[in-house]
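There are 2 protein chains.
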Amino acid sequence: MALIAQSRRLRRTPFSEGVEAAGVKGYTVYNHMLLPTVFESVVADYRHLKDHVQIWDVSCERQVELRGPDAQRLMQMLTPRDLSNMQLGQCFYVPIVDETGGMLNDPVAVKLAEDRWWISIADSDLLFWAKGIAYGYRLDVLVDEPDVSPLGIQGPKSDDLMARVFGEEIRKLRFFRYDRFSFEGRDLVIARSGYSKQGGFEIYVEGSDIGMPLWDALFKAGEDLNVRAGCPNLIERIEGGLLSYGNDMTRNNTPHECGLGKFCDTQSAIGCVGRDALLRVAMEGPIRQIRAIEIDGDAVPACDHLWSVFAGGKKVGNISSAAWSPDFTTNVAIGMIRMTHWDAGTKVEVETPDGMRKATVRDKFWI
Amino acid sequence: MALIAQSRRLRRTPFSEGVEAAGVKGYTVYNHMLLPTVFESVVADYRHLKDHVQIWDVSCERQVELRGPDAQRLMQMLTPRDLSNMQLGQCFYVPIVDETGGMLNDPVAVKLAEDRWWISIADSDLLFWAKGIAYGYRLDVLVDEPDVSPLGIQGPKSDDLMARVFGEEIRKLRFFRYDRFSFEGRDLVIARSGYSKQGGFEIYVEGSDIGMPLWDALFKAGEDLNVRAGCPNLIERIEGGLLSYGNDMTRNNTPHECGLGKFCDTQSAIGCVGRDALLRVAMEGPIRQIRAIEIDGDAVPACDHLWSVFAGGKKVGNISSAAWSPDFTTNVAIGMIRMTHWDAGTKVEVETPDGMRKATVRDKFWI
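Line order of the protein sequences matches chains A and B. The numbers in UniProt numbering rise by one with no breaks, and the one at position 364 of the first sequence is 364. The numbers in UniProt numbering rise by one with no breaks, and the one at position 126 of the second sequence is 126.
Warning: the hint list may mix true and false statements.
No copy is singled out in the list; a pair is fine if it fits within one copy or between any two copies.
Said to hold, decoys possible - In silico DMTMM-like links for lysine to aspartate or glutamate, alpha-carbon gap of 25 Å or less:
1) Lys-314 / Glu-40
2) Lys-50 / Glu-99
3) Lys-364 / Asp-159
4) Lys-314 / Asp-216
5) Lys-25 / Glu-40
6) Lys-262 / Glu-20
7) Lys-50 / Asp-147
8) Lys-315 / Asp-354
9) Lys-197 / Asp-115
10) Lys-157 / Asp-51
11) Lys-220 / Asp-70
12) Lys-315 / Glu-17
13) Lys-25 / Asp-304
14) Lys-111 / Glu-351
15) Lys-157 / Glu-99
16) Lys-220 / Asp-51
17) Lys-314 / Glu-145
18) Lys-111 / Asp-224
19) Lys-220 / Glu-284
20) Lys-50 / Asp-298
21) Lys-315 / Asp-209
22) Lys-314 / Asp-144
23) Lys-315 / Asp-115
Hints in this document: simulated from the structure, not taken from any laboratory. Nothing here was measured: the structure is a model prediction, and the numbers come from that model.
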């Protein structure tokens, strides 16, 4: 692995100082911003995440704010998920598609008011698409990136840590709901959500100046909970089937191919720009789809490009993410497999950088 | 510096194999793709670039292709530069602005046919903005990212190397002009352009499969020219005043602030979405602007965030890029300075991570 070159273009975050003091060893770049990928080791971080509580600098989940009378209309134009019954206090996972039904992002939408939304984005400049649509349709809406940097609290002890800093009420927060909690006189939006299956919260830290004070307060409050700095963990997210935009899906894929058909209400999501294209897909179904794949043998190398999947000498798909799982003592992987071979139990072969491996299509992810 | 974590999301290029074999030591991420930043050392690479010839994997300059009857109309909507007299065979450096006149990208536009353009982009998803505008205006144009990966040939011996592979005719190619040249039976668009002041070409390698054959052919042909793998060099580009989108300018800046007013034909660029906003700026002029800044003292550390510039205790600007220049034996820098202090010779102070430094505003860049 090579070093990452520092520049302003790879933006630091309000928590970078804390991340560096905690000994970050690896970074990726996500929405033109630094995202830690490893502290102790990917395996040690994984173990700790499943047993304790971690604080994650996920500032790179930048917000696209929609504000104004047409905010809801624009939001519905962006996604095939029906938002008409969405309430204040809710967060929705929303596929975002272009006019061909191709995935542009898979963010979480936060409805702050009837005329104000945050879209907590995956790795693409969704701001540009939203601005282009708003301009083209002459919508009465402001589209901008506010000074909001999410901080993730993840792991089984998350409730205990958060209650100490924000009060016992936070334990009652339901999954994919948010509320406002106070820290040093500031009201912060906090949701029960996050990019792991270990439970936890995302704090939408509004105002960079409050970043390090909050970071420090959480570490101080969690000393006896064995709190540590962490980050989205490659192994854990594959075990849990958490998809990554740019890794497991791109603009070439429809939500249905990604197993996100349940978030496509093509009959009722009136106004979505991709609706016409997706109606067709919804009727006929996709011909390839995301699957959990178990790859035999020792730990696979880093999956930094698509690995072809074969059956009977013919290509039937690709692997997009893979890692060795200590808990399941196998290589866990995410792949896109053609319908002819996507049934659970199907035996396939994967072309990894160090040779062909036997693999099996699974019915579901590991947890 | 931390390591960069490998994943499919940080896309490899058709030349990655060659880049790795050449011993790349550092990467950045640019348009979701790996861009080398250092091979031997930034200083050694700099010396070699100025004396010999280098081959650069700049695949990350992804192309946004506009194709169809409305391609030219859309292209003019994107930029305030007047394209009405642009000829086939020309490349134009074009600021791209939103409806407020804010910079979204600063690419090179290549006019391939009356109804077909490539936009060779800097680091932002310009595709999303172009698609949004095209959709909103119901334009008859396809907007897509083709399988085209630019390969830069830079340095004083570039003409000699290129003539050996593509024939003597290539020496006649004028600056910011392109023509088609043959390699292994394939016609490739080649322009005299590139992100250095040392002269050279950019080969628009169409078809990933031809990537490594071309890479290898160039190295073989250039053995006695001391050809090496290289990359955009931080020192050389600052000396030459080559701006970097995301570093030296963002969506917060107008082209005029970036010294790109000469590319804004606000009277004649009919249809540009940012025209109204920029007419105002063109009349009144910007109140801050990019300047070359000389920073005193030893080599500065990496400039990974804006450094404040002060005069008389008041903030008057920011430094966005800086490096020690061996040839000019000073720290060369790019900054955005308020009009009260932008005159050449003005003494200012720069807040670097290792303390305040004296600095001077210059009338122009070093070369």
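A quick look at each hint next to the structure:
1. Lys-314 / Glu-40: Cα proximity of Lys-314 and Glu-40: none, with 41 Å in one copy and 43 Å across.
2. Lys-50 / Glu-99: neither (40 Å within a copy, 47 Å between copies)
3. Lys-364 / Asp-159: Neither way: Lys-364 and Asp-159 sit 28 Å apart in one copy and 57 Å across, limit 25 Å.
4. Lys-314 / Asp-216: neither (54 Å within a copy, 31 Å between copies)
5. Lys-25 / Glu-40: both (7 Å within a copy, 22 Å between copies)
6. Lys-262 / Glu-20: neither (40 Å within a copy, 42 Å between copies)
7. Lys-50 / Asp-147: neither (31 Å within a copy, 41 Å between copies)
8. Lys-315 / Asp-354: within (18 Å within a copy, 55 Å between copies)
9. Lys-197 / Asp-115: This pair counts as neither: shortest intra-copy Cα distance 31 Å, inter-copy 50 Å.
10. Lys-157 / Asp-51: within (8 Å within a copy, 59 Å between copies)
11. Lys-220 / Asp-70: Intra 43 Å, inter 59 Å, cutoff 25 Å: neither.
12. Lys-315 / Glu-17: The answer is between: 23 Å across copies meets 25 Å, while 46 Å in one copy does not.
13. Lys-25 / Asp-304: Cα proximity of Lys-25 and Asp-304: in one copy and across copies (18 Å, 17 Å).
14. Lys-111 / Glu-351: Answer is neither; intra-copy 44 Å and inter-copy 40 Å both fail.
15. Lys-157 / Glu-99: neither (43 Å within a copy, 47 Å between copies)
16. Lys-220 / Asp-51: This pair counts as within: shortest intra-copy Cα distance 19 Å, inter-copy 55 Å.
17. Lys-314 / Glu-145: Intra 46 Å, inter 28 Å, cutoff 25 Å: neither.
18. Lys-111 / Asp-224: For Lys-111 and Asp-224, the Cα distance exceeds 25 Å both inside one copy (35 Å) and across copies (64 Å).
19. Lys-220 / Glu-284: neither (54 Å within a copy, 52 Å between copies)
20. Lys-50 / Asp-298: Within one copy, since 23 Å is at most 25 Å while 47 Å is not.
21. Lys-315 / Asp-209: Only across copies: Lys-315 and Asp-209 sit 19 Å apart there, 52 Å inside one copy, limit 25 Å.
22. Lys-314 / Asp-144: neither (47 Å within a copy, 29 Å between copies)
23. Lys-315 / Asp-115: Classified as neither: same-chain Cα gap 48 Å, cross-chain 36 Å, threshold 25 Å.
Of the numbered hints listed earlier, those contradicted by the structure are 1, 2, 3, 4, 6, 7, 9, 11, 14, 15, 17, 18, 19, 22 and 23.
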